[in-house]
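**Student:** Read off the chains here:
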Amino acid sequence: MAGVEIISNEGFRNDGRRPNELRKLQCKMGVFAQADGSAYIEHGNTRVLCAVYGPHEIRGSRTKALHDRVLINCQYSMATFSTGERKQRPRGDRKSTEMTMHLRETFEAAILTQLYPRSQIDIFVEVLQADGGNFAACVNAATLALIDAGIPMKDYVSACTVGFAEDQALMDVSHLEESGHNAALTLAMLPKSQHIVLLEMSSRLHLDHLRTLMEMAEKGCKDVFLVLDQAVRDHVSEATQFMNT
Amino acid sequence: MADILLSEAEKTFIVHGVQDDLRVDGRSCTDYRHFRLETDVVSSANGSARVRLGKTDVLVGVKADITVPAWKTPDQGGLQFFVDCSANAAPEFEGRGGEDMARDISSTLARAYSSAKCQKMLKSLCLIPRVHCWVLYIDILILECGGNLYDAASVAVKAALYNTKIPVVTASSTDGDKPELELSDDPYDCRRLDVLSIPCVVTISKIGYGHVVDASMEEEACCLATLITAVTADGNLTAVKKSKGGSLHPESIYEMLETCQQVGMKVHAVLMEKLREEEEHQQMAMGSQHKAKGFL
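As they're listed, the protein sequences go chains A and B. The numbering of the first sequence is the working numbering, which starts it at 1 and goes up by one. The numbering of the second sequence is the working numbering, which starts it at 1 and goes up by one.
Careful: at least some of the hints might be erroneous.
Distance condition first, Cα-Cα at most 30 Å in a straight line; then the derived DSSO-like pairs of lysine-lysine [what the hints assert, rightly or not]:
(1) Lys28/A - Lys192/A
(2) Lys24/A - Lys178/B
(3) Lys87/A - Lys178/B
(4) Lys72/B - Lys55/B
(5) Lys117/B - Lys241/B
(6) Lys55/B - Lys28/A
(7) Lys11/B - Lys123/B
(8) Lys72/B - Lys11/B
(9) Lys11/B - Lys87/A
(10) Lys219/A - Lys95/A
(11) Lys28/A - Lys64/A
(12) Lys274/B - Lys72/B
(13) Lys165/B - Lys242/B
(14) Lys64/A - Lys222/A
(15) Lys266/B - Lys55/B
(16) Lys28/A - Lys242/B
(17) Lys165/B - Lys24/A
(18) Lys165/B - Lys87/A
(19) Lys11/B - Lys117/B
(20) Lys87/A - Lys28/A
(21) Lys222/A - Lys95/A
(22) Lys24/A - Lys219/A
(23) Lys123/B - Lys241/B
(24) Lys11/B - Lys28/A
(25) Lys244/B - Lys266/B
(26) Lys244/B - Lys117/B
(27) Lys87/A - Lys120/B
(28) Lys120/B - Lys178/B
(29) Lys55/B - Lys11/B
(30) Lys87/A - Lys266/B
Stretches of chain B that chain A covers, calculated by requiring three or more beta carbons in the stretch to come under 8 Å of a beta carbon on chain A [unchecked claim]:
(31) 55-64
(32) 143-149
(33) 207-218
Some chain B residues flagged as far from chain A (calculated, every beta-carbon gap over 10 Å) [said to hold, decoys possible]:
(34) Ala9
(35) Thr30
(36) Asp84
(37) Ala87
(38) Arg96
(39) Gln119
(40) Asp139
Because the hints were derived from the structure by calculation, they are not lab data. Glycine included, each C-beta is placed from N, C-alpha and C at the ideal position.
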């Protein structure tokens with residue numbers, strides 16, 4: 001992607017944002033009637049749907065059951081029309097399997113797993129449009145869906161992907177900023193206790209820049225948390241509006 | 001599909017109701033549930049549509065690509081159907097669980113679209129015979145399973161094809177071998193497809209002595225057999241398939257096919273009207289305040 005300018009001379013990115021601004025974040029809870037919990041989130045052009053089923057009995061082999069905590073079963077799937085170039089298979093490739101595993105590890109750290117031994121919680125994430133920061137959007141959608149399903153968690157899990165281009169840390173990267181040789185770091189954390197539950201970066205970055213990137217990512221996660229929290233409060237107040245007579 | 005547990009009493013209730021032309025939710029035997037249709041939901045696809053039929057939720061994206069025409073049909077473009085039953089719809093669809101159902105739906109749609117009625121549209125997808133043509137990858141994503149997936153999917157496909165914008169490509173013939181293709185500079189310069197003659201699927205289920213259109217999950221659980229038919233706007237049938245485990249008398253089949261034709265023609269008329277209305281709305285709303293749509 002040589003020749004593509006990530007940050008203009010005036011300090012604006014391709015979509016007009018400043019380096020420390022999130023994309024427009026819109027979310028909705030309770031999108032599906034049949035799932036126990038569901039949520040839809042939009043980070044700019046990245047759109048993700050999440051459905052949560054559970055806690056319910058272990059499906060399939062009983063040998064997978066854990067005697068002291070709940071089994072978290074995730075699936076990360078991308079719609080074939082979600083990317084610019086059509087994807088041949090929605091899931092089953094290496095990337096999706098890796099993302100599935102990351103999702104499970106993230107939520108094992110956040111859900112109060114001791115409460116439902118020998119049971120299973122399913123988290124299914126579907127990426128409808130992929131425009132950068134896909135995994136972070138999935139984590140945010142899954143958090144909202146879990147809250148919608150009423151599954152107890154230690155804290156929200158908010159995630160953000162930050163990039164590094166032209167010696168500047170960029171918050172909430174789009175696909176254009178993420179591709180090429182630019183570094184991109186995904187961070188998922190529990191915002192109130194400020195514990196990090198997932199940290200992932202698979203590109204080359206000088207150690208001196210790591211602190212800047214991490215600080216930007218933490219700020220991004222806190223900003224995302226504020227939006228998610230407001231969305232949950234709005235949803236609950238809307239739902240209880242008709243209950244108070 | 002999510003498991004439906006029905007007691008014998010409930011099944012008897014449904015069967016008796018159908019005989020009196022009254023279903024559990026108050027519909028008559030030839031009524032569809034409430035349809036909600038929206039186009040242009042996915043901006044990364046050339047065309048898209050989302051259909052909600054009762055609890056069934058289907059999202060279709062159409063992407064266009066240039067390829068070499070099949071040798072059997074050198075002057076036609078191609079259609080490739082791919083159905084993905086996402087795990088969101090039912091936990092049984094996780095991993096490869098939904099593949100059987102997906103293959104069923106995509107082969108039914110492929111058969112429905114292979115008739116001579118669709119050839120006009122396919123011919124319009126050809127750029128240079130034997131050399132270049134458009135292929136449309138129609139990707140159907142099942143988001144929620146509430147009964148009657150075939151109908152919802154086919155209506156969504158027709159709406160998505162209506163919404164599809166194919167970039168205008170001109171062939172400039174260079175002296176010598178292969179003619180080159182030039183994409184127009186204007187990103188909004190595109191052409192649309194003529195979808196008037198493409199079929200819609202109408203599924204009709206035999207329950208007791210009567211038959212119903214658009215069966216819900218509970219009704220599907222107590223039906224004997226279903227006929228999945230593809231009907232065009234002028235009442236022609238392009239594909240018929242019987243499924244489920246019961247047997248049908250030829251007389252019942254004729255009756256059911258007649259109902260399918262009538263219902264199918266009505267569906268086409270209403271669908272085209274709604275699509276045109278929505279497009280007019282979108283054109284008038286351009287520039288004015290953006291209304292929340294899609295899943296929001």
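**Student:** Does each hint fit the structure? Answer for all of them.
**Tutor:** Hints, one by one, checked against the model:
1. Lys28/A - Lys192/A: holds, 22 Å
2. Lys24/A - Lys178/B: With a Cα-Cα distance of about 46 Å, the restraint between Lys24/A and Lys178/B is violated, given a limit of 30 Å.
3. Lys87/A - Lys178/B: Holds, at roughly 28 Å.
4. Lys72/B - Lys55/B: Violated. Lys72/B to Lys55/B sits at ~41 Å, over the 30 Å cutoff.
5. Lys117/B - Lys241/B: holds, 18 Å
6. Lys55/B - Lys28/A: It holds: about 18 Å lies between the C-alpha atoms, which stays within 30 Å.
7. Lys11/B - Lys123/B: It is violated: about 48 Å lies between the C-alpha atoms, which goes past 30 Å.
8. Lys72/B - Lys11/B: Violated, at roughly 49 Å.
9. Lys11/B - Lys87/A: With Cα atoms ~43 Å apart, Lys11/B and Lys87/A exceed 30 Å; violated.
10. Lys219/A - Lys95/A: holds, 27 Å
11. Lys28/A - Lys64/A: violated, 33 Å
12. Lys274/B - Lys72/B: violated, 36 Å
13. Lys165/B - Lys242/B: violated, 35 Å
14. Lys64/A - Lys222/A: violated, 36 Å
15. Lys266/B - Lys55/B: Satisfied, since the Cα-Cα distance of roughly 22 Å is no more than 30 Å.
16. Lys28/A - Lys242/B: violated, 40 Å
17. Lys165/B - Lys24/A: holds, 26 Å
18. Lys165/B - Lys87/A: Cα-Cα ~20 Å, so holds.
19. Lys11/B - Lys117/B: The hint is violated at about 40 Å.
20. Lys87/A - Lys28/A: Between Lys87/A and Lys28/A the Cα gap is close to 26 Å, so the pair holds against 30 Å.
21. Lys222/A - Lys95/A: Holds, because 27 Å separates the two Cα atoms, which is no more than 30 Å.
22. Lys24/A - Lys219/A: holds, 16 Å
23. Lys123/B - Lys241/B: holds, 27 Å
24. Lys11/B - Lys28/A: The given pair, whose Cα atoms are some 37 Å apart, is violated under the 30 Å limit.
25. Lys244/B - Lys266/B: holds, 26 Å
26. Lys244/B - Lys117/B: Status holds; Cα separation ~28 Å.
27. Lys87/A - Lys120/B: holds, 28 Å
28. Lys120/B - Lys178/B: holds, 26 Å
29. Lys55/B - Lys11/B: With Cα atoms ~20 Å apart, Lys55/B and Lys11/B stay inside 30 Å; holds.
30. Lys87/A - Lys266/B: violated, 36 Å
31. 55-64: holds (count 6)
32. 143-149: holds (count 4)
33. 207-218: Coverage by chain A is violated here, the residue count being 0 at a Cβ distance below 8 Å.
34. Ala9: Holds, because the least Cβ-Cβ distance between Ala9/B and chain A comes to about 24 Å, which exceeds 10 Å.
35. Thr30: Thr30/B is indeed farther than 10 Å from all Cβ atoms of chain A, at 25 Å.
36. Asp84: The claim breaks: Asp84/B does not keep its Cβ more than 10 Å from every Cβ of chain A (closest is about 5 Å).
37. Ala87: violated, 4 Å
38. Arg96: violated, 8 Å
39. Gln119: Its Cβ never comes within 10 Å of chain A, the nearest being 24 Å, so this holds.
40. Asp139: violated, 4 Å
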